[in-house]
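**Q** Sequence:
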Amino acid sequence: MNSADHTADIPAAASGAETTDERFERGLALLRTIGGQEHPAVLDSLADIAPALGHMTVAFGYGDVMSRPGLTLRQREIATVAALAAMGNAAPQLRFHIDGALNVGVSAAEVVEILIHTAVYAGFPAALNGIGAAREVFQSRPDVAATPVDSEPLPGDRYERGLAKLAEVDGHAGDQVVASLRDIAPDLARYIIEFAFGDIYARPGLDLKCREIASVAMCTALGTAAPQLRVHIHGLLNVGGTREEVIEVITQMAGYAGFPAALNGIAAAREVFEERGAGE
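Read in order, the letters of the sequence shown are residues 295 to 574 in our numbering.
Incorrect hints may have been included.
Pairwise CB distance ranges (calculated) [stated by the list, open to error]:
(1) Leu557 - Asp338: 31 to 37 Å
(2) Asp451 - Ala341: 56 to 62 Å
(3) Asp315 - Gly571: 20 to 26 Å
(4) Asp469 - Ala344: 48 to 54 Å
Because the hints were derived from the structure by calculation, they are not lab data. Backbone N, C-alpha and C fix where the C-beta goes; we use that ideal spot for every residue, glycine too.
Work the whole structure out from these sequences, hints included.
**A** Right under this line is the structure:
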């Protein structure tokens, strides 16, 4: 079943005035789809201390934001898992959304690839902790085969493979990366090419568009990588993403990393769109 099937009975967020109950009911329907439970635990867990926060989580987080039509549920869960893994401070929510990703059509192998991809942007501790969360989720689900995700050795020279993959994503950015670091840290430039793109991006388990959705989500959520966020907004557009999809990924981060992170991400997107021109 694909993510379109999951959203067929869930009305999209409306742009006009709606009642709080309408927003809540739409969010509740979507949360049931993602979480797989008739009564989401977030409501009960907050009922004794902050029931309004539980209601806001459903009405705003799911009824307003996650139900927007610009991304599929599968894409939204890829972005959410990537962001939560990168931030590294929300293990319960990461487990919930790994489970949710599986519920809306992301495979276990793709979840693992998203978490491996995290190492490039948030480091190995974040990736390792993300894999630990995934292991817990997989072990709790008899419908998920807990087989190691691996691949055959990738062909060719790591550096040349990395340059080629970087060119697919960012055009001539590979040459610019090497040039910008040549006078101070040439080995760092080589690591970026060989590891980030030659080892990680070249892996076959996740397509380039999904990788760039994950990268934009992570760079937005981390809030400390504006130049790299601009690079990967370009990258998402270069591999088939649309401006609407860029805006949707960044807007979604308001719920997970806060409005400042989302606002700064939108500012980066505006710069990229202006660079690329109105006609694209």
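**Q** Hint by hint, say whether it matches the structure.
**A** Against the structure, the hints come out as follows:
The hinted window of 31 to 37 Å between Leu557 and Asp338 holds, with their beta carbons roughly 32 Å apart. One distance hint, 56 to 62 Å for the beta-carbon pair Asp451 and Ala341, holds here, with the actual separation near 58 Å. Taking the beta carbon of each, Asp315 and Gly571 are about 44 Å apart, not inside 20 to 26 Å as hinted. The hinted window of 48 to 54 Å between Asp469 and Ala344 holds, with their beta carbons roughly 52 Å apart.
Consistency note: the structure conflicts with earlier hint 3 alone.
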